[in-house]
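Participant: The lines below spell out each chain.
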Amino acid sequence: MNTTDIEQNNPKLLSNPPGGLLIWIVIYLELLTYGLAFFSLAYYGSIEKDLFHKHSQLLDKPIAVVNTIILLTSGFLIAKGVHFFKYKQNQKSGRYFTLAMLFGLTFLVLKMIEYKGKINAGLDMDYSTFFMFYWLMTGFHWVHVFVGIIILFFVRKMIVKNDSNADVLDVEAGAAFWHLCDLIWLILFPMLYLLF
Amino acid sequence: MQKSLLFTYIILIVLTILSPLLATYVVVKPIIYIIIIFSVIKFLLVGYQFMELKNAHTFWKAIFTIYACLIGGILMILL
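Protein sequences appear in the order of chains A and B.
Numbering of the first sequence is given in the numbering used here, commencing with residue 1 and proceeding in unit increments.
Numbering of the second sequence is given in the numbering used here, commencing with residue 1 and proceeding in unit increments.
Check each hint, because a few of them may be wrong.
[Unchecked claim] Reference listing, derived: stretches of chain A covered by chain B, where coverage requires no fewer than 3 residues with Cβ under 8 Å from a Cβ of chain B:
#	segment
1	12–21
2	39–52
3	66–80
4	166–180
5	184–190
The set of hints was computed from the structure by calculation and includes no laboratory data.
Even glycine gets a Cβ: it sits at the ideal position worked out from N, Cα and C.
So here's chain A without its partners, still in its complex pose (with noise of 0.2 Å):
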């Protein structure tokens, strides 16, 4: 390894992220959205406190509480997945990968089940300001879940190939992008479901 390629691998410098510079300034735009989202959210509930405390109380907390262990612990995985990418344990890398992307589509079809009986029982977007937040952000969660996946997909098949190309670098950002669903799910969970 010569000069270059450890200055290139060095997290510690401003330029380099785990991850690279380009996914962070995603995930901080995409964090500064979700949290003009989030301002609002509150704001609007501590305007009309006692309709979103009432409509929070239709919602699923028990599929909600099931999700959010199931998105962590699909990026614990992730996390071990990249753990061992590092160590060249390619083909384990992979299967933590595999089992992440399999958490990953669970959490999509329970939100899917969740958002059936919502529409069964007419909470539909113009029901109140409280569901008009509700599907849109939890639905802006559900796409980047679902892209999410279908960059883990592409991340795995990378490592499994023991593609020459694969990089730590395209890894991590590929991690970091399903971590950024996760942080987001965070903040979302507790003030959808808990807080009003």
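Once you have looked at the hints, place chain B on chain A.
Facilitator: Okay, now just chain B, sitting in the frame of chain A:
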């Protein structure tokens, strides 16, 4: 490394299970504050441990930590 990941995961799960248990009681200010603090802790744990921000430049850590605290603070004020 492996142990710290597992330890982080266990803390995340414990905090996740505790939050809805707390919320089953009357939702009063102190409970709201505790749930928000739990969320901020979980957010930071995922960032620092799973995303390996602990190894990153101080700038990235600072923005991340400021964001988490800002969101937590705004929620505490508004809710």
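Participant: Next, verify each hint and record whether it holds.
Facilitator: Hint check results:
no.	hint	verdict
1	12–21	holds (count 7)
2	39–52	holds (count 5)
3	66–80	holds (count 9)
4	166–180	holds (count 4)
5	184–190	holds (count 4)
Taken one by one, the earlier hints all hold for this structure without exception.
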